[in-house]
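*Asks:* Since each chain comes alone in its own frame, lean on the hints to assemble the complex.
For the protein sequence lines, the chains are A and B, in the order given.
Taking numbering that gives the first Met the number 0, the leading residue of the first sequence gets 0, the next gets one more, and so forth.
Taking numbering that gives the first Met the number 0, the leading residue of the second sequence gets 0, the next gets one more, and so forth.
Just so you know, these hints were derived from the structure itself, not from any lab.
Keep in mind it's a predicted model, so treat the numbers as computed, not measured.
Honestly, I wouldn't trust all of these hints.
What the hints assert, rightly or not - Stretches of chain A that chain B covers, calculated by requiring three or more beta carbons in the stretch to come under 8 Å of a beta carbon on chain B: (1) 18 to 31; (2) 59 to 65; (3) 323 to 335.
What the hints assert, rightly or not - Some chain A residues judged to face chain B by a derived CB distance under 10 Å, without partners named: (4) Gln47; (5) Gly55; (6) Met56; (7) Lys110; (8) Val113; (9) Phe115; (10) Ile159; (11) Gln410; (12) Gly419; (13) His440; (14) Lys448; (15) Met451; (16) Leu456; (17) Ile457; (18) Ala470; (19) Leu492.
Heads up, the beta-carbon is just placed ideally off N, CA and C, and yes, glycines get one too.
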Amino acid sequence: MLTEELVKWRNLARERAVEYGLDFYEVIYEVVSDHEMNELASLGGFPQRYPHWRFGMEYDRLSKSYAYGLSKIYEMVINTDPCYAYLMSSNSLLEQKLVMAHVYGHADFFKNNVYFSHTNRRMLDQMANHGVRIRKIQERYGVEPVEEFIDCCLSLENLIDHHAAAIKRKRDPKAPEKDIYAATAKESPKLKAKNYMDKFINPIEYVKEQEAKIEEQRLVEERFPDLTDRDVLGYLLQNAQLNPWQQEVLSIIRDEAYYFAPQAQTKIMNEGWASYWHTKIMTKHLLTDAEVIDYACVHSGTVATQPGSLNPYKLGLELFRNIEERWDKGQYGRDWEECDDYIAKARWDKKTGKGRDKIFEVRKLYNDITFIDTFMTEDFCREHKMFTFAFNDRSGQHEIQSREFSQVKQQLLTSLTNFGQPLIEVVDSNFENRGELLLRHTFDGRELKLDMADLTLINLAKVWGRPVNIATAVEGKPILITCNGEEVKSKPLS
Amino acid sequence: MSGIKRDHGRFKDIVRGRIRKNLKNFISQGEMIARQGKDGKVSIPMPQIRLPKFIFGDNKKGGVAQGEGNEGDPVKGMQEQPGQGEAGQGEGQHELEVEVSLEELAEMLGEELELPKIEPKGAKEVTTKNYKYSGINKFGPQSLRHYKRTYKEALKRQISSGVYNPEKPVIIPIKSDFRFRGWAESPRPQTNAVIIYIMDVSGSMGDVQKDIVRNEAFLIDTWLRSQYKDIERRYIIHDATAKEVDQDTFYRTRESGGTLISSAYKLLVDMVTKDYAASEWNIYPFHFSDGDNWSTEDTKVCLDMLREQVLPVVNQFSYGQVESRYGSGQFFKDLIEAFNQNEKLVASRIPDREGIYDSIKQFLGAGR
Chain A
0 MLTEELVKWR NLARERAVEY GLDFYEVIYE VVSDHEMNEL ASLGGFPQRY
50 PHWRFGMEYD RLSKSYAYGL SKIYEMVINT DPCYAYLMSS NSLLEQKLVM
100 AHVYGHADFF KNNVYFSHTN RRMLDQMANH GVRIRKIQER YGVEPVEEFI
150 DCCLSLENLI DHHAAAIKRK RDPKAPEKDI YAATAKESPK LKAKNYMDKF
200 INPIEYVKEQ EAKIEEQRLV EERFPDLTDR DVLGYLLQNA QLNPWQQEVL
250 SIIRDEAYYF APQAQTKIMN EGWASYWHTK IMTKHLLTDA EVIDYACVHS
300 GTVATQPGSL NPYKLGLELF RNIEERWDKG QYGRDWEECD DYIAKARWDK
350 KTGKGRDKIF EVRKLYNDIT FIDTFMTEDF CREHKMFTFA FNDRSGQHEI
400 QSREFSQVKQ QLLTSLTNFG QPLIEVVDSN FENRGELLLR HTFDGRELKL
450 DMADLTLINL AKVWGRPVNI ATAVEGKPIL ITCNGEEVKS KPLS
Chain B
0 MSGIKRDHGR FKDIVRGRIR KNLKNFISQG EMIARQGKDG KVSIPMPQIR
50 LPKFIFGDNK KGGVAQGEGN EGDPVKGMQE QPGQGEAGQG EGQHELEVEV
100 SLEELAEMLG EELELPKIEP KGAKEVTTKN YKYSGINKFG PQSLRHYKRT
150 YKEALKRQIS SGVYNPEKPV IIPIKSDFRF RGWAESPRPQ TNAVIIYIMD
200 VSGSMGDVQK DIVRNEAFLI DTWLRSQYKD IERRYIIHDA TAKEVDQDTF
250 YRTRESGGTL ISSAYKLLVD MVTKDYAASE WNIYPFHFSD GDNWSTEDTK
300 VCLDMLREQV LPVVNQFSYG QVESRYGSGQ FFKDLIEAFN QNEKLVASRI
350 PDREGIYDSI KQFLGAGR
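Pulled out of the complex, with its shape left as it was, chain B reads as follows (with noise of 0.2 Å):
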């Protein structure tokens, strides 16, 4: 084995924590962030490991470049978030941003979260028939003629035979060289799934938390759509009143005042109990709060629908907290305490924007 692929491997053994834990904390993963929108730009993640060194921290962070501009003007072109960078000392950047389709950005995500293929459950005996051109047949209609692989064996033959003269390629197939596209039909089990995002919209969750919601929700959403054909999604909102909204609304939402986690819980089992049978739908609600919760009555309320109407239903239900100032994160603990035996409830913390690629494994790394 040539000396770069050991490191290169002993460097992803690392990464993904199998050796050496103790350089654990020195790992930045970088962000797999992706721009909604049509120019669909995704960061890719540049896990790097950053021993500690004796270096300058940012107190003094300037430099000297050149351009146009007068003093006080800003500097054009340069990044306005100074947290991200390092100090300045030329250490470069750790994220890239390429444009990407959908399909690339989930393949991307489960390579580099090692997701799992979910198992759809729903009901088998709904079936679709599946068609798909996937070989080639030596007899066919002509409308099906597949040109290239027909001139090639036409080329083989007349090479094998002595026919072929480079000087005057002539190629003629003849009726043994004409090659097919051929179908095969593959029965599909019919899989439905609905992603139904939550998110406390309180006074509490300002944009810095919102941002996260919505980057976590849009990398999810992208790996769940390339598991299953079709997917619905659904947006509630809610602080001490639930109500459903649209996408949009659901990530611009502003609300002040107090936070009545049932509230929503009893919209979301309202909505599934309405609309998506459980033996025929994949339901995966998301909550993400900032885990304050208005009273402890009301935390009760929510475990108990948990435990009753929720869980038994859906295949698997994500709390995602995020972290704020003002949250005091009981939730969390109330969750963990109540259900920590039940693995089709997946908490998780998210402190920063780091966090959201941890998140993101805990939710889906259970495939289910």
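Chain A with its partners taken away, still in its complex shape (with noise of 0.2 Å):
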């Protein structure tokens, strides 16, 4: 329940957010106590999840934190229509207009992002049908056998398609099979001969035999899955031997997943549009004289930069700014990028004014890696001052190793791609014909946590019955990881 003073407060920012285009689901605020603050925040936003030590864990950290002052989460907000937004109880006034400003922002954002529209809006009802469920089983097999079960699919909670949502990658069932061995049925049986010849060199039953051979060597090789599978969760969902109740388990942690992903896919674009708003709406209308000085004290917090990390806030922001800045002089298109004049660039202006229209389109089309692949551009580069930095073992620090655009941008990007998480695929589910599943993890130069994949894989092999292996590389040199439920073992591959 917000106050009268609150309420008057939402329906100012509520009215300029809508005069300004912003399209949201209506936004339902509460206000929370401290306690119900760090309880929210560690489910994840929703009220009824699954049990889980997990969300124990999480709330331990943020109430410690939170009791010893070190942090403070001034708002939440969840995906859902309509959208539910958390104010902390212990904000003063002008923190929860600006928090709810703000909320306004990333409603629109969820709404509207191409990212999140397989997003499912009545998650707060889907979350406590999980959490009934899951209690159901456990009621029925045990607390332990289930979370531990659920355990070993949360291991593996990142190896999930990012794209899956927009691309379709598996064939359609319905479509008439292909047959994509056509190149080995043509392969003759027959051995060469001249057609006079023939039937004496390759008699019918040796023909027939050839063929069979042939046939029982494609069989053999024949692969499952006939394409790469990102997504590992979905594929052991229809592929691995669990019980009924091991497959509702995992396909409750995939369906999670997939609903959290979008948020990690558009963190910059997410706060920076949120940030962009709540600057635009207090600064120009709900500020009141007397708080000028602590706005700039809270809205600077929010976008401050640590040493040695970019803050999403402030890189989204400003990057949405200057988006509008460019599209408003019609600093775009080839007349621009083919003008060398440094002072005639300086000086661009054509009253183009397209910039609030561009970065409402940005704010529907783009994703985080789109988004600064498309727009951060030199100058932006160099205006904040970014680099990439290195950690020099002679040393014993961080130093900065360089300034260059496109070693700047590059580093981003790798970093952001897939997450920052493996690339890894499910090649192979009969490897070496003994019904053993293979992963390949696309090296990119960046090598897997050795320890952490043993682990990883002792649990994959829990959920897929069989052994399991992973073709990786360590010091540049493929190797192949193979555990069979208990033992790991690594060999070179050739």
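*Replies:* Written as structure tokens, this is what we have:
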């Protein structure tokens, strides 16, 4: 429940947001105590989740750091229809105003950004259902075995296909089966012979025998899946030997992983967009004269940069502003790109005035990677003093490596690719014709953390039910790590 | 019970090793490390269970940031130790630094490690009287008048008798409203405690090992100080010979050369017989070493000395073996072999900084 005062400011903020063209599902604000906030935050914003110690761990961390005054959560908003937003009761009035304006930005982003389009807007119910289902399973099969299985699934949680919603990778099961082995089939079983000798050199029995052999060989070599599959969780769900309850658990974990994926995929944009709108609405409309200094203080807190990391609020906000300015002044397109005159460029203003339209379009169609790839320019990089750094073993400290635009951008994009997670896909589920699962890590110069990989394989083997393998590389040399369920071995791959 | 309470309880049970023992390997305890000095900062342990996942190793650690500086300059304000954090995947730090007082630290230590309160031994006859203002009396001298309670009583009386007018809140206490602080006298057994730290400073004890000892000693100190009113501390360092030093030297000295543990134990025995009568003192020797003794004969001398002269008089003898690359760690095995049955001797291995936590629990967990 909001106080009368807050209702007044909410209505004002909402009115302005709508005037600016923000378009959102109705936002329901709840003022919550610190305990409630820590609880909600540890549950990912949903009051009803399935029982699991990991939420307790998050709660432990959040409540300790709140108790010792190290961090405080101002607000939390979840992607549902209607959109729920929780406001911390200890916020000052100014903070509540700022946060409400900020939330309208998020709500608009959730509704309109294309990467969120597949998410279930009734997730509140769905999460509660997941909770009920897992509790029922636990009642029937025991808390520990179910929790252990959940742990195994969570261990594989990051192995999903982040673009699954947008791209159809699998063949349509209804489409006529194409014989992709046609090439093999064409291979003639006959020995080479002149026409007139053929029936002597290749008697019918021999040809049949050979054909059978080829067919047998084909079956041995046949791979399943026939295309690699990045949605490892989905693949396991369909093909691993699981009990019905295990299948249910796995499918719940997978559903939730896909629900949360776009938020990680658009962190910079989402925070940047919300910050853009809280600044606009606050400074143009909601701020009273007496609040200016306090506002500046709170706002600069949210966009402050920590040494050695980028602040997504700051980066996103500045990029949106930069885009708006460039499209307002017409600093895009061929003329602009080809202009070499420094002074002309500095004075460039064609009064195109398309900035606002452009940023709305960007918030609809881009994710963090494409956003940075498309709009981060050399000027921007220089203006914001961006650099890459690396750890220097010799001096024992992190050192600035380069301020070169291409390197900064490359590093940034690399770190965002696949959420900074290694790219891993299912290649074969009948590896070596023994029903073993083979995953492949696409090696891009960054190695897997091997001790972790071993432990993950053990969990994967528990789900798959047969030995599992992963092909990766160590020190540039390809290796195969195999786990038979208990032991993990690795050998070089030729 | 609300969901999160259940989850939280379950998490704590896992961390404490009560259930789901197979998760033990994934728990990082986090350390409660205090920086000595005026600032009194302490890292709060934040136990985290990290389920294994396919993630990148740290062979390409680095990232993008913004700020001033030229190429090759160190990044200002970044933590210098790379080993501790995660591989820059935004997993977040597990240790948080806050400022706390020593009392708070001891309290946290006790809570986190579930340390039992110590039952002091000692001369029960030797008691001191302790006065404490602990209660409220209806009578007493004006100097001990308790304003707040008095006015509260007056307010209560006025409201119940209908005299109180919220528009014009005047409260006048009458005699029966007055409340005074009362004191209670409690006899308190005089307990004396002494901690004797012994450290091996031979060549094989490097800076890392010393750092571990320093942190562990500080935390032990904090805990024992919260348990005893006054506590004395003595410091002994030894390589082939032993000497008593002050605290500062204790932590700084680095000698080289061989190790004769018996030299230190001899000094310990002398110290105890001279200054600390076993009937009146709670004696806690802590010995930190990398477990490399000069010879088996000397080890035998040590064991005899411990058995006959040290263990009978101390509350507990604690031996902490800091693992080092050069130490053989033989002394630990010898001790365990010789004193397996004796609960007054606690030996613990401290493989690294994270081990401090477990080691303290071993040392102080018995509550002796």
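*Asks:* Work down the list of hints and note, for each, if the structure agrees.
*Replies:* Now the hints, each set against the structure:
no., hint, verdict
1, 18 to 31, "violated (count 0)"
2, 59 to 65, "holds (count 4)"
3, 323 to 335, "violated (count 0)"
4, Gln47, "holds (7 Å)"
5, Gly55, "holds (3 Å)"
6, Met56, "holds (5 Å)"
7, Lys110, "violated (26 Å)"
8, Val113, "violated (24 Å)"
9, Phe115, "violated (21 Å)"
10, Ile159, "violated (12 Å)"
11, Gln410, "holds (5 Å)"
12, Gly419, "holds (5 Å)"
13, His440, "holds (7 Å)"
14, Lys448, "holds (4 Å)"
15, Met451, "holds (5 Å)"
16, Leu456, "holds (9 Å)"
17, Ile457, "holds (8 Å)"
18, Ala470, "violated (12 Å)"
19, Leu492, "violated (17 Å)"
The structure fails hints 1, 3, 7, 8, 9, 10, 18, 19 (numbered hints given earlier, in ascending order).
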